[in-house]
Amino acid sequence: RVRRALRRRAYDFQPDDRTEHPCPLCGDADFEPVVAKDGFRMVACRGCGLWYLNPMPSEARLGSLYEQEYFANADSLSAGYEDYATRGEDFREVFAHRLAALPPEVEGGRLLDVGAGFGYLLDAAEGKFSERWAVERSPDAVEALQGKGTVCRGTLAEVELPNSYFDVVSLQDCLEHFRDPREALLRIREVLRPGGRVILVTPNTDSLLAKLQRRSWVSLKFPEHVVLFQPGTLKRILEETGFIIETRTAAGQYARLDFLVSRVLSGYPRLASLAQASVAKLGGAHLRFWVGSGSLQVVAAGALASVAPPERPSAD
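Its first residue numbered 1, the sequence shown is counted upward by one per residue in the numbering used here.
Simulated from the structure, these hints should not be mistaken for lab results.
Warning: the hint list may mix true and false statements.
What the hints assert, rightly or not - Straight line, CA to CA, 27 Å or less: simulated DSS-like cross-link-like pairs of lysine-lysine:
| # | residue 1 | residue 2 |
| --- | --- | --- |
| 1 | Lys37 | Lys211 |
| 2 | Lys235 | Lys211 |
| 3 | Lys148 | Lys128 |
Full structure from sequences and hints, please.
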């Protein structure tokens, strides 16, 4: 009952939610529809190619997603995770693999993880950084984060963080949640020390997985995912906010066989249910594979000079 209520709240549009918005990246108001799903419409900006929800839900509507059961949501294809708490081992290994992409000079410095969840990346970073910080808005996750470092509850815009302080800022499957990703990256520039690194993973609309799954692509999670990038738009927003990309690769992750079945067949729920039952009956549900996730992983350095936001057309 609680999970159904969560879904109703997430989809309960208020009048401000019906306002169309210009592109969050370039400000262009011209767009073409990409997909309509669950009462939401994702469009592609004709100016730069960024995908974004339009109309865009208000911050209050989006915030309600994270209030309860985000990390234990039966409707995880629409929001959150079904079994996040039980997949800690997998996530720790994935994050250790991702952190290995950082240059050696940042090891031993200060780490900030934005959208830290239960702190699995902080676990993987233990002993490698002098300080571990987390920004997280979900109350369940904030509770799980206790004892893993300095925990700041709230959004990136709400919490108080020291400027020019962190050697690394991590955004793991996080940037796509921001209504204004430019503002988020500019804030990250402020808290990074000169020459610090940001390491981020975000869904790639140009990935093979996105093209094969199309409407059933797992990253089309509305309204949770507000903006979606491809290599060109991600490069543009990073450069315009003062970052220099050092490495860009396809991201991977560990996935259990039952999870893979549910995702590959996400557009066919009955078939997915039958396939998962067969996998469980054969004892293969917990077999684990390293697979491409359909996401981009980027390590970028903060440029030494300060950056002023470029002028964008008015929303009027």
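Against the structure, the hints come out as follows:
no., hint, result
1, Lys37 with Lys211, "16 Å, holds"
2, Lys235 with Lys211, "20 Å, holds"
3, Lys148 with Lys128, "13 Å, holds"
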